[in-house]
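Novice: Based on the hints, put chain B in the right spot on chain A.
Below are the chains, spelled out letter by letter.
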Amino acid sequence: MQTKRMTFSSKWLPYALLAPQVIITLIFFIWPSFQALRQSVYRQGDAFGIRPPRFVWFENFQALFADPLYLNSLQVTAVFAIGTTLLSMSVALLFAVMVNRMIRSRDSYTTFLVWPYAIAPAIAGVLWWFIFNPSIGILPYMLDMVGYDWNHRRDGNDAMIMVIIAAAWRQISYNFLFFLAGLAAIPHSLIEAAAIDGAGRFKRFWTIVFPLLSPITFFLLVINIVYAMFDTFGVIHATTEGGPSQATNILVYKVYRDGFVNLNIGSSAAQSVVLMSIVIILTVIQFRYIERRVNY
Amino acid sequence: MVENNRWGNFFAHVILILGVAIVVFPVYVAIIASTHPPGTFVRGVMPLWPGTHAWENYTTAITEGRSRAGTPPIGGMMWNSFIMAMAITIGKLSISILSAFAIVYFRFPFRIFFFWIIFLTLMLPVEVRIVPTFQVVADFGMLNSFAGLSIPLIASATATFLFRQFFMTVPEELMEAARVDGAGPMKFFKDILLPLSITNIAALFVIMFIYGWNQYLWPLLITTDPDYYTIVMGIQRMVTGGDSEPLWHLVMATVVLAALPPVLVILFMQRLFVKGLTETEK
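First to last, the sequence lines map onto chains A and B.
My numbering puts the first residue of the first sequence at 1, with every later residue one more than the last.
My numbering puts the first residue of the second sequence at 1001, with every later residue one more than the last.
In case anyone wonders, no lab produced these hints; they're calculated from the structure.
None of the values given here were measured: they were computed from a predicted structure.
Hints may be right or wrong, so weigh each one.
Said to hold, decoys possible - DMTMM-like cross-link-like pairs, simulated, lysine to aspartate or glutamate; straight-line CA separation at most 20 Å:
1) A:K4 to B:E1176
2) B:K1190 to B:E1172
3) B:K1275 to A:D107
4) A:K4 to B:E1172
5) A:K203 to A:E192
6) B:K1190 to B:E1173
7) B:K1187 to B:E1176
8) A:K4 to B:D1181
9) A:K4 to B:E1173
10) B:K1190 to B:E1176
11) A:K4 to B:D1191
12) B:K1187 to B:E1172
13) B:K1187 to B:E1173
Claimed, not checked - Computed Cβ-Cβ distance ranges for the label pairs, DEER-style:
14) A:R5 to B:F1025: 49 to 59 Å
15) A:F287 to B:T1240: 33 to 43 Å
16) A:R54 to B:A1021: 51 to 61 Å
17) A:R154 to B:P1038: 19 to 29 Å
18) B:I1192 to A:P53: 46 to 56 Å
19) B:I1192 to A:F210: 38 to 48 Å
20) B:F1140 to A:L69: 26 to 36 Å
21) A:Y15 to B:G1182: 19 to 29 Å
22) A:V79 to B:F1025: 19 to 29 Å
Note that beta-carbon positions come from the ideal geometry of N, C-alpha and C, so glycine has one too.
With the rest of the complex left out, here is chain A:
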């Protein structure tokens, strides 16, 4: 990794400059993660110190992957992450393609579409929870007219649809901005050449525009999966609380419940380690992709 050709020389100054960041990282990031790793291979002792913590190798992990509730949570997380990602990305792409055609109204549409990014996931959850409220909400009222009895308090699928919509809604803005930037960067000459060769609008989109957007699409795919898996705790906690009967119990919510409410430190630590490995894999994928793009 490079520095400037010419650098300042000082024995202590660079360390002093780095110190605040590094100290905070060590205390609040590295040390707790190390603790999680350690706790994940111990069975916790009791509160009175009669039974000390015991080293149990991978028993916590074995127990975790034998636990139907955890397997359910993995599956729920997968459905939730895929649903949120597909919904927010496809809607955002549609909006971006449409806005990209506009000249005068481009900026006003953009303004109207970007602000939901400012709304916290927990608040987005509460907003949609209110709209979907079975007794007073507006959407169940409309669904009732077409004969669908909406109730996310009883029906797991309804609850899942609700949290996916709430989580995707706020993320549309983000995806929209990136797609719009990507579309604006596509050279017009390519599209004109295809048009002269007689390609229609849809053919041009699928054979030229969409392939050229693929780096951005892939990047957004990773970012959205990370968002849906790790940043959506608030959506679940403020609305369904994992229910009904575990239907929306995503991994980050479960690790919180097991650690803070059920006080099962060993299992919670093992879950943390699984989550850490997922983030590490996703980060590596994201960065490898960026390196490739830089080397074009």
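Specialist: Chain B in isolation, oriented as in the chain A frame:
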């Protein structure tokens, strides 16, 4: 555009107007609900036209909250959120710009090692190390304090990378000139580098203020004293605290107030927001 298709444009406008309507709808509903008296939410479906109780609802929310259910007034929670968001933003910006300066403008042993330590924070969000981080903060006696709310969140790999990238594009000659004129590193930093970075700082400020304001899990973990509740987590207490249905008119007034500051920041600083967003994630 290649061909000018009037129907196509009309169709695009229809889709976009519908899209904007759907995107705006939840907030519209919240604003409407916050103007109705409590009785409205007992009978039938919620209304779609404004009611007459806006003033009452907002003053009740700001000054009283739902004191009986243990939720403090919204005014105090908004203040707490503001302090937390500002502390996180300023903290992140200052420690990141200093570390980037050290990494780019100095050569010293273990430089790469420190860079990797900072990089690791990207892979360790709070959500994956909830319990042990809580224990560390508890051991430091930082529960229920603004220090506990902000300091553990201010390490930032993305900001450090962004500043590093920017510093690499600053012409070498500036530093050579400064050295010839006898300026030390901190003088160069203060008088040359900092003024040059001002746009980047502003763009990151917008992103990080929103990040800080919207924190949820962390305040939830470390505040048990209502005096330190932040507004975004306080809403959850209003929704679930108490046995009955939530008091929707107050909840929605709170939702509107909680969303207002970050939305205003985006609307008034849209250009900086877009710059910050697209550059931090690259």
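Novice: Which numbered hints are broken by the structure, listed smallest first?
Specialist: As far as the earlier hints go, not one is violated by this structure.
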